[in-house]
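Number of protein chains: 2
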Amino acid sequence: MDLQGRSLIGAARGSGGAGESKAVNPTTGEELEPVYLSEGEESVEEACRLATEAFLEYREKSGKEKATFLRTIADEIDAVEEEIVARMSAETALPEGRCRGEKGRTCFQLRLFADLIEEGSWVDARIDHAEPDRAPLSKPDCRSMWRPLGPVVVFCASNFPLAYSVAGGDSASAWAAGCPVIVKAHASHPGTAEIVGTAVRAAVAKCGMPEGVFSLLFGSGRTIGQALVKHPQVRAVGFTGSRAGGRALMDTAAARAEPIPVWAEMSSVNPVFILPGAMKEREAIAQGFVGSLTLGVGQFCTNPGLVISGREGRSAFAGQVASLASETAPATMLHKGIASAYHAAVGAMTAKDAVESLAHVEADAGSRLAGAVVFGTSADDFLADQSMADEMFGPASLMVEAEGEERMLAVAESLEGQLTATVHATEEDREQFSRLIAVLERKAGRLVYNGFPTGVEVCHAMVHGGPAPATSDGSSTSVGPRAITRFTRLVCWQGFPDDLLPEELVEENPLGISRIVDGVRG
Amino acid sequence: MDLQGRSLIGAARGSGGAGESKAVNPTTGEELEPVYLSEGEESVEEACRLATEAFLEYREKSGKEKATFLRTIADEIDAVEEEIVARMSAETALPEGRCRGEKGRTCFQLRLFADLIEEGSWVDARIDHAEPDRAPLSKPDCRSMWRPLGPVVVFCASNFPLAYSVAGGDSASAWAAGCPVIVKAHASHPGTAEIVGTAVRAAVAKCGMPEGVFSLLFGSGRTIGQALVKHPQVRAVGFTGSRAGGRALMDTAAARAEPIPVWAEMSSVNPVFILPGAMKEREAIAQGFVGSLTLGVGQFCTNPGLVISGREGRSAFAGQVASLASETAPATMLHKGIASAYHAAVGAMTAKDAVESLAHVEADAGSRLAGAVVFGTSADDFLADQSMADEMFGPASLMVEAEGEERMLAVAESLEGQLTATVHATEEDREQFSRLIAVLERKAGRLVYNGFPTGVEVCHAMVHGGPAPATSDGSSTSVGPRAITRFTRLVCWQGFPDDLLPEELVEENPLGISRIVDGVRG
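Line by line, the protein sequences give chains D and F.
Okay, so the first sequence: first residue is 121 according to the working numbering, each after it adds one.
Okay, so the second sequence: first residue is 121 according to the working numbering, each after it adds one.
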């Protein structure tokens, strides 16, 4: 594929006008061709105009038609796997296996949403029949279900160039819901975005979808990113990235004349609690933990950045962790900004008097390399210094010694909202630490038992969300089928004849979906 | 019941300190005893402390236990019906029938939510079983469901002293979800609030619930209302009221370190489109329309404030409407503020050159009385002056002449988000105006066919919501069982043994609820 370095605005290409940039190979520091042209606000206007127009048509597509569209996107992505892998590794320093794995995950997500909307029950259709003779007032016939919100803006994630970028989970769930998607590319992997974007555009054409159902814009977050979130026709936003970046979008969205939801997945330290009984299995836990910590150079939002355990066995465990961590080699991070932030965070933690360094794989602070780092501190010191709980995005973790249930509960209570919270325990621990899990349930979107938080399964029951500041709105998830309702709203039809109702609500249930009729699930 | 004029803060009474006020009988203008003491920020702090403490216990209650609590509240309210009716009519000028009806609706809602949580399937439990042998990575066991958010603040609505106040729909859905509720009373009906609050408190004691599961605060919206929304332990807000009031709360909630959802139901003109075929039945429509317009002195958020029809038959229809409206008598509004706002809105519309007055039941502009008013204008004039679409809260409506499908679509497209949109049509009209309903579906939360928007049925399929500015967030509803998820978030348990899971997620399904297991609804 010849990369053109220009945005995809419906069926057209962008012509730039607001600067230009090139991707950089983080391993070599070399700039990659081609030049990418940055769009300005006119292109935002055009993409929104096309999306608004497309919404009128796309929202009326059946589940089957939308499913075919999603599967065609997946097929088109499969067809360019080699080009994706080559460009993605060059742009991100991610190894080939990860690139192929993430491509597989991306296509799996698209096909899972296709299955979901083809089957159709996700709309949560409910019917209450009329009772014309009810006294004192007759009861009307009411039918309701989820309907699409409108054009959705998706921001590509630096750390998921495929699975949370152009045709990733946010886009897949928005398309599945019936919403056009405008993607804002990430500056660190524009080529990967263009390859996937071209695949999506091919699927749009093959399936006869309106062109505005997809646009991909290159340009600055501060200009076109903000302009997209402000645009009156945009109805929701999907974002995975930094806390500052997410908050800026949330504030913009909240200040609109008609505020819109921003589904931002931001930061999390993903605490891992190791209870005394489980500590006896410390060798296996240490291995699993260091594997989770260093996976993908620690560049996962579910990276375990905090480990809490009691006194007994802790120093042996810390020794094992330190020894395993020291055996890992420094690796290249996604881009210079992430590497600098990592070195700064590690430096700040190192500088704290109350923190000791248990393992520190050195890497030149001026480079894009990151080595695993493990720190140690006490519960008292941790509780006295809130900044110890800040995320260090990368392969770094802080081990906190918290002896006894009360101290462990205090640490748990002190935590902000998290994507995940993990507990390693035996049956015996469960009795002694019965209150811990209840506390953690209030703090996290996903609780992990005797496992590790990385490796977010794409399945019906998955919740990748959690209370603020882990996300902007912890009520939903950005992974798995439950994510679809983020881009919908409820609509009720009262007193309508069958021929004016959506198929999902027609009396005889032609789609054969599960519905709640007069309060009873069928 | 002896009214004490003091807040209910858990099991204690407030001691005021931030001023005092009395309710006013809107019919006579007389002040009603007793004096109500306004609370300050210390009481907010105390109510939030109690609610936070209560949440830890209340969230662990089973569906059955919470159902008993809701039913006991309903029973306690039933037991004081006569006191409620006497005080409520004195405070609001609402007729006895309406007071009894609203009491019935309030208790019905509480019992409907009780049935919902006793049955239990509302939690949307999903289970994906582990596949330990899956290659290349084993699949973990994941289970998820809705869990309560935490303390919820509910603002009493001036126009629903029972059904959207102390133990109304917002409170019932929050309690049903597992959340403690702190209610901010409305200044115009504090006595009704105290009677109902006392009933709730009796139910709290009878059911052995933690005292902080309910508090009722008297005081100023600007001080304690804002303080409640800012409080870090408060997790969500329910509000029914003015656009300015709702927006102020939304802005406060969005500016928090951890923004929280504000479910605000604000303003709507509820357009009614009468298509040419249906116009032949204009006599029946005129009767239904004037009934809907003047119901409860027009003080419903679903009041039909806009009627759009073609040329043919319009003047005869307008004549019928005018004649029926003129036969209605002026009636007393809920309080002086509402009456003044109504007279001002009617005055502003009257002053427009492009608007004619079709019927105007005169009432002294300085009084609390309101008479029915019907205005007329053309589509062109309506489209040229956005302020014609502003809500006139009360029994006033604007009839717009829009000849032909294109013009009607233009009027529909020009509208802001609405709670409802109504179409009167025959089969013949449906072909000719096929695009109208699709446009209205994007504008409203509920579409009504050959009916009227007032009289919101409390049922499983009801949606009382709609795009901004009708509500702050049109994704949900404030009426009916679907409202419960407004006060929840998703939580996932990964790899947990049965004895650590909530009952809803235990493998053998001891509660017998409907669940999605490995993607299949059972």
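Check each hint, because a few of them may be wrong.
Same chains, same label: a pair holds when it works inside one copy or across any pair of copies.
Stated by the list, open to error - Cross-link-like lysine to aspartate or glutamate pairs, in silico, DMTMM-like; alpha carbons within 20 Å at most:
{"hint": "1", "residue 1": "K350", "residue 2": "E536"}
{"hint": "2", "residue 1": "K350", "residue 2": "D593"}
{"hint": "3", "residue 1": "K472", "residue 2": "E173"}
{"hint": "4", "residue 1": "K259", "residue 2": "E162"}
{"hint": "5", "residue 1": "K563", "residue 2": "E216"}
{"hint": "6", "residue 1": "K259", "residue 2": "E140"}
{"hint": "7", "residue 1": "K184", "residue 2": "E140"}
{"hint": "8", "residue 1": "K563", "residue 2": "E525"}
{"hint": "9", "residue 1": "K472", "residue 2": "E447"}
{"hint": "10", "residue 1": "K563", "residue 2": "E173"}
{"hint": "11", "residue 1": "K184", "residue 2": "D253"}
Calculated from the structure, these hints are not laboratory results.
Legend entry - In rising order, the numbers of the hints this structure does not comply with: 3, 4, 5, 6, 7, 9, 11
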